[in-house]
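Participant: In the order they appear, the protein sequences are chains X and F.
FYI, the numbering for the first sequence is 1 to 483, going by the numbering used here.
FYI, the numbering for the second sequence is 1 to 483, going by the numbering used here.
Think of the hints as simulated: they come from the structure by calculation, not from any bench.
Treat the hints loosely; a few may be bogus.
What the hints assert, rightly or not - Here are the simulated PhoX-like pairs of lysine-lysine, each with C-alpha atoms no more than 25 Å apart in a straight line:
#, chain 1, residue 1, chain 2, residue 2
1, F, K294, X, K363
2, X, K294, F, K363
3, X, K445, X, K363
4, F, K322, X, K322
5, F, K363, F, K445
To be verified - Beta-carbon label-pair distances, calculated as ranges:
#, chain 1, residue 1, chain 2, residue 2, range
6, F, E138, X, A76, 32 to 38 Å
7, X, K445, F, E35, 36 to 42 Å
8, X, D260, F, S30, 45 to 51 Å
9, F, G314, X, P139, 52 to 58 Å
10, X, A15, F, F386, 49 to 55 Å
11, X, E82, F, V446, 36 to 42 Å
Claimed, not checked - Selected chain X positions facing chain F (Cβ under 7 Å, derived; list incomplete):
#, residue
12, L302
13, L313
14, L320
15, L380
Beta carbons: idealized from backbone N, C-alpha and C, even for Gly.
2 protein chains.
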Amino acid sequence: MTRKTTRPEEQSIAALLAPDILDLLETEPSAVAAETEELHPADLADVAERLPRSQIPVFLAALPVARAAAALEYLAEERRTEMLEAMSPEQAALLVAQMTPDDRADTLEEIDEEHAEDIVEAMPGPARRETEQLLAFEPDTAGGLMTTQFVSVTETETVEAALSQVREMARAGRREAMNTVYTLDAAGALKGVLSLRELLAAPEGARMADVAWTEVRTVAPTADREEVARVTQEYDLVAVPVVDDRDRVLGVVTVDDVIDAIQQEQTEDVQKLGGMQAFDEPYIQMGFWSMIQKRAPWLIVLLLGGMFTTTALGYYEDELGKAMVLAMFLPLIISAGGNSGSQGTSLIIRSLALREVGLGDWKRVAVRELPAGLTLGGILAVIGFFRIELWQRMWDSKVRIGTLPIGFDYGEHHTLVALTVAISLIGVVAFGALVGSMLPFFLRKVGFDPANASAPFVATLVDVTGVVIFFSVALVLLRGTLL
Amino acid sequence: MTRKTTRPEEQSIAALLAPDILDLLETEPSAVAAETEELHPADLADVAERLPRSQIPVFLAALPVARAAAALEYLAEERRTEMLEAMSPEQAALLVAQMTPDDRADTLEEIDEEHAEDIVEAMPGPARRETEQLLAFEPDTAGGLMTTQFVSVTETETVEAALSQVREMARAGRREAMNTVYTLDAAGALKGVLSLRELLAAPEGARMADVAWTEVRTVAPTADREEVARVTQEYDLVAVPVVDDRDRVLGVVTVDDVIDAIQQEQTEDVQKLGGMQAFDEPYIQMGFWSMIQKRAPWLIVLLLGGMFTTTALGYYEDELGKAMVLAMFLPLIISAGGNSGSQGTSLIIRSLALREVGLGDWKRVAVRELPAGLTLGGILAVIGFFRIELWQRMWDSKVRIGTLPIGFDYGEHHTLVALTVAISLIGVVAFGALVGSMLPFFLRKVGFDPANASAPFVATLVDVTGVVIFFSVALVLLRGTLL
Numbered sequence: 001m002t003r004k005t006t007r008p009e010e011q012s013i014a015a016l017l018a019p020d021i022l023d024l025l026e027t028e029p030s031a032v033a034a035e036t037e038e039l040h041p042a043d044l045a046d047v048a049e050r051l052p053r054s055q056i057p058v059f060l061a062a063l064p065v066a067r068a069a070a071a072l073e074y075l076a077e078e079r080r081t082e083m084l085e086a087m088s089p090e091q092a093a094l095l096v097a098q099m100t101p102d103d104r105a106d107t108l109e110e111i112d113e114e115h116a117e118d119i120v121e122a123m124p125g126p127a128r129r130e131t132e133q134l135l136a137f138e139p140d141t142a143g144g145l146m147t148t149q150f151v152s153v154t155e156t157e158t159v160e161a162a163l164s165q166v167r168e169m170a171r172a173g174r175r176e177a178m179n180t181v182y183t184l185d186a187a188g189a190l191k192g193v194l195s196l197r198e199l200l201a202a203p204e205g206a207r208m209a210d211v212a213w214t215e216v217r218t219v220a221p222t223a224d225r226e227e228v229a230r231v232t233q234e235y236d237l238v239a240v241p242v243v244d245d246r247d248r249v250l251g252v253v254t255v256d257d258v259i260d261a262i263q264q265e266q267t268e269d270v271q272k273l274g275g276m277q278a279f280d281e282p283y284i285q286m287g288f289w290s291m292i293q294k295r296a297p298w299l300i301v302l303l304l305g306g307m308f309t310t311t312a313l314g315y316y317e318d319e320l321g322k323a324m325v326l327a328m329f330l331p332l333i334i335s336a337g338g339n340s341g342s343q344g345t346s347l348i349i350r351s352l353a354l355r356e357v358g359l360g361d362w363k364r365v366a367v368r369e370l371p372a373g374l375t376l377g378g379i380l381a382v383i384g385f386f387r388i389e390l391w392q393r394m395w396d397s398k399v400r401i402g403t404l405p406i407g408f409d410y411g412e413h414h415t416l417v418a419l420t421v422a423i424s425l426i427g428v429v430a431f432g433a434l435v436g437s438m439l440p441f442f443l444r445k446v447g448f449d450p451a452n453a454s455a456p457f458v459a460t461l462v463d464v465t466g467v468v469i470f471f472s473v474a475l476v477l478l479r480g481t482l483l
Numbered sequence: 001m002t003r004k005t006t007r008p009e010e011q012s013i014a015a016l017l018a019p020d021i022l023d024l025l026e027t028e029p030s031a032v033a034a035e036t037e038e039l040h041p042a043d044l045a046d047v048a049e050r051l052p053r054s055q056i057p058v059f060l061a062a063l064p065v066a067r068a069a070a071a072l073e074y075l076a077e078e079r080r081t082e083m084l085e086a087m088s089p090e091q092a093a094l095l096v097a098q099m100t101p102d103d104r105a106d107t108l109e110e111i112d113e114e115h116a117e118d119i120v121e122a123m124p125g126p127a128r129r130e131t132e133q134l135l136a137f138e139p140d141t142a143g144g145l146m147t148t149q150f151v152s153v154t155e156t157e158t159v160e161a162a163l164s165q166v167r168e169m170a171r172a173g174r175r176e177a178m179n180t181v182y183t184l185d186a187a188g189a190l191k192g193v194l195s196l197r198e199l200l201a202a203p204e205g206a207r208m209a210d211v212a213w214t215e216v217r218t219v220a221p222t223a224d225r226e227e228v229a230r231v232t233q234e235y236d237l238v239a240v241p242v243v244d245d246r247d248r249v250l251g252v253v254t255v256d257d258v259i260d261a262i263q264q265e266q267t268e269d270v271q272k273l274g275g276m277q278a279f280d281e282p283y284i285q286m287g288f289w290s291m292i293q294k295r296a297p298w299l300i301v302l303l304l305g306g307m308f309t310t311t312a313l314g315y316y317e318d319e320l321g322k323a324m325v326l327a328m329f330l331p332l333i334i335s336a337g338g339n340s341g342s343q344g345t346s347l348i349i350r351s352l353a354l355r356e357v358g359l360g361d362w363k364r365v366a367v368r369e370l371p372a373g374l375t376l377g378g379i380l381a382v383i384g385f386f387r388i389e390l391w392q393r394m395w396d397s398k399v400r401i402g403t404l405p406i407g408f409d410y411g412e413h414h415t416l417v418a419l420t421v422a423i424s425l426i427g428v429v430a431f432g433a434l435v436g437s438m439l440p441f442f443l444r445k446v447g448f449d450p451a452n453a454s455a456p457f458v459a460t461l462v463d464v465t466g467v468v469i470f471f472s473v474a475l476v477l478l479r480g481t482l483l
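Can you make the complete structure from the sequences, with help from the hints?
Facilitator: Written as structure tokens, this is what we have:
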């Protein structure tokens, strides 16, 4: 216990320590445990990852089994899977059985199914049953996130008895989910909750039933991770109890797993918003072809969608032929609609995820987005109109930078062209805002994740309409002149 | 303590209780405190929000001041600001002084500056100094997130002495940040850390220095919230100590504030990714014109960017005139580039945020994205080629649905057109993937938030190049036939 408490930001302790550990493993493996005993398991895992791959099992073997298991919990998924698959089921079972039940289940879910079953088989009875129970839940639900190690006492006990029970459990080396104590009735149903701090503050001699809070926030084992995160955040909890339909506590989801779940959920949302399927591994670790498989489908769907734009343009072939200038502004018009739609969709996806708006609020949102879209479109219309007129003026007055002519000749009907672009911008931007904001509601309504309403998806939806709006406006304004 | 422990998911306790409370406020306000004493402060706030606006101050006044303060912490920002601005500074100070120091600072930052200063003035000395200290930090930094109420003991004390100190503090009604106990040396520098559970498990009579972990993860008060979140998540902490340059603890960031910070950060990232400035309020609460101000600037920038596409098309006016068919495929080609770019950019933004990749990894990413883009482009090219050929075949063989002709006549050089589209798709999709994935690196390098590399921004960047690639390919392949 001689090392410094704090250290410069990015000079990691593991980087400093790894070379020494590597030496020790060759010369005096028995000293490794003592050398690393003050390290947080996350740093222990970091040391392991800095060793040559072949030395990782040697390193873990040199640690007390509980420490090795803790390090394993923090190891990168890929490395951990690789390690466990290389061990015999018995060796692996020894380590895995020491992990907290929730991490144990997560770990086993990652590795080859057959090998995982052998490991479970090789575990001691109670750990095996615990693990089998957890593996039965979907990993993204409360049941899949929870640990089965938590502290509960019957509500008729005294504060002092409860406290000494907690101390006993803590001394027995049980881990996690001990910041909260749950009280149960005789039938084992959850009745109350108390933080460890509140237990310490409770008057001696009081009965647990008198000091515990009776309003307990719980979730069902089937609740999805978003629901768990919402409850945790709303009530500032450090643990959420998971109960069955008779209020018996099955386990507890701890806040560290909630944070991981929030981060994962967010990564998936951003990836979907970017127009692809959610990755289940970090970008840099994912295999090339797996990545292509996640990205290609949406690109293909969007290409097929984009072909409707081509088809729509086919209908306006004659007009395109007569008024070439329309073709030049087409990308500008349709991308303005896509951009506006992208704003609408990302606003609503996030508001739905945070429950700021619910499914029933679609009308309120529509009533807000339509005027917003018209206003934004109006602003762009003014800019677009003056841009065209300005370029024409510069062309007409032969402005030059050096010998390069500046501006553009939109022909004698330039003001009508500018007006066509301006009015189309208003229509397209307003339509984009409306479609973009309504699409997430629609997706949720029909049972999809609203996050699938990606920016590219909305843009493609809006493109066809952009073409129709643009040419319809043109047909009205330019009839008799250009068309 | 008679209410049921759990209840059906969405039937909120506050909704059930609010009408009763409203009655009580008129008939027997003194009974309100007892009626609500088991409620979590979040539910207490929920009840308040369901009352008529004029009754909220009456309701809060009917509660013990500590409960009223706790409810205030959970009240929606807007409502809380409104309430406090309506009170006299002395009334407000009484309530605000009871809040945890970090929530107090956050609350004061939201309200009118002058009124906030008056409230701080009216607070008792210690609370005032504490608050002034916290208000000096930026709200998005560790200093702005931390609370100054935490538990520390000198490392020479025994476990039992430390424990009774903790109990005393807990009984004195101090709140928050008590799941972790910090040990200090004689100079007040942070030496070790111990969870409350570990303190309970520690052998009686041991000195704190012997049982505390000496590897403590800390952050500087200026660390931004992303850094705090990263440390919390990496080490599964429930609190992160904030230390000055002499290792003295200034405060502690608790995990509930970390979760809020993560959610806020993510909301901002999604909004930026959607092509707008981050909102500082929930979508549904934001004023119409404030919202327009957040959305218009990027739309204008993107419109101006889109004009470069128009300019680029101006250079190809002659080619467009000769080969109308190119205009029809233009939106398809450039949006494929935008879609591919959107994938690349959202992947990298998220990987950078999670520190899966660092600034120095840009080369690794580029070496991965170029072949990925070429592969994805190749897939789209095959589909695009056959789509055009198929439509031509259907046209030639006069396929009809009813009387409607199916397919399209791309002219005698349709295979060359299909080839032009296919090759352009490969080029544009590969270019999109590369630009999309490199832009976040570039933005971070020059000091911007990578999340500003929104999908619409990337699409607009890629559009101009899409035009150039498409017409360049066309000029090579169609010269002598269409061009």
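Participant: Confirm or reject each hint.
Facilitator: Against the structure, the hints:
1. F:K294 - X:K363: 22 Å, holds
2. X:K294 - F:K363: Roughly 22 Å between the alpha carbons, so the hint for K294 of chain X and K363 of chain F holds.
3. X:K445 - X:K363: Within the cut-off at roughly 14 Å; holds.
4. F:K322 - X:K322: 12 Å, holds
5. F:K363 - F:K445: Judged against 25 Å, a Cα distance of about 14 Å means the pair holds.
6. F:E138 - X:A76: 32 to 38 Å: 33 Å, holds
7. X:K445 - F:E35: 36 to 42 Å: Between K445 of chain X and E35 of chain F, where Cβ atoms are some 39 Å apart, the hint holds.
8. X:D260 - F:S30: 45 to 51 Å: 46 Å, holds
9. F:G314 - X:P139: 52 to 58 Å: Holds, at about 55 Å.
10. X:A15 - F:F386: 49 to 55 Å: For A15 of chain X and F386 of chain F the Cβ distance comes to about 53 Å; the hint holds.
11. X:E82 - F:V446: 36 to 42 Å: 38 Å, holds
12. L302: Result: holds, 5 Å to nearest chain F Cβ.
13. L313: Check passed: Cβ of L313 of chain X comes within 4 Å of chain F, closer than 7 Å.
14. L320: Where the cut-off is 7 Å and the nearest Cβ of chain F is about 6 Å from L320 of chain X, the hint holds.
15. L380: 5 Å, holds
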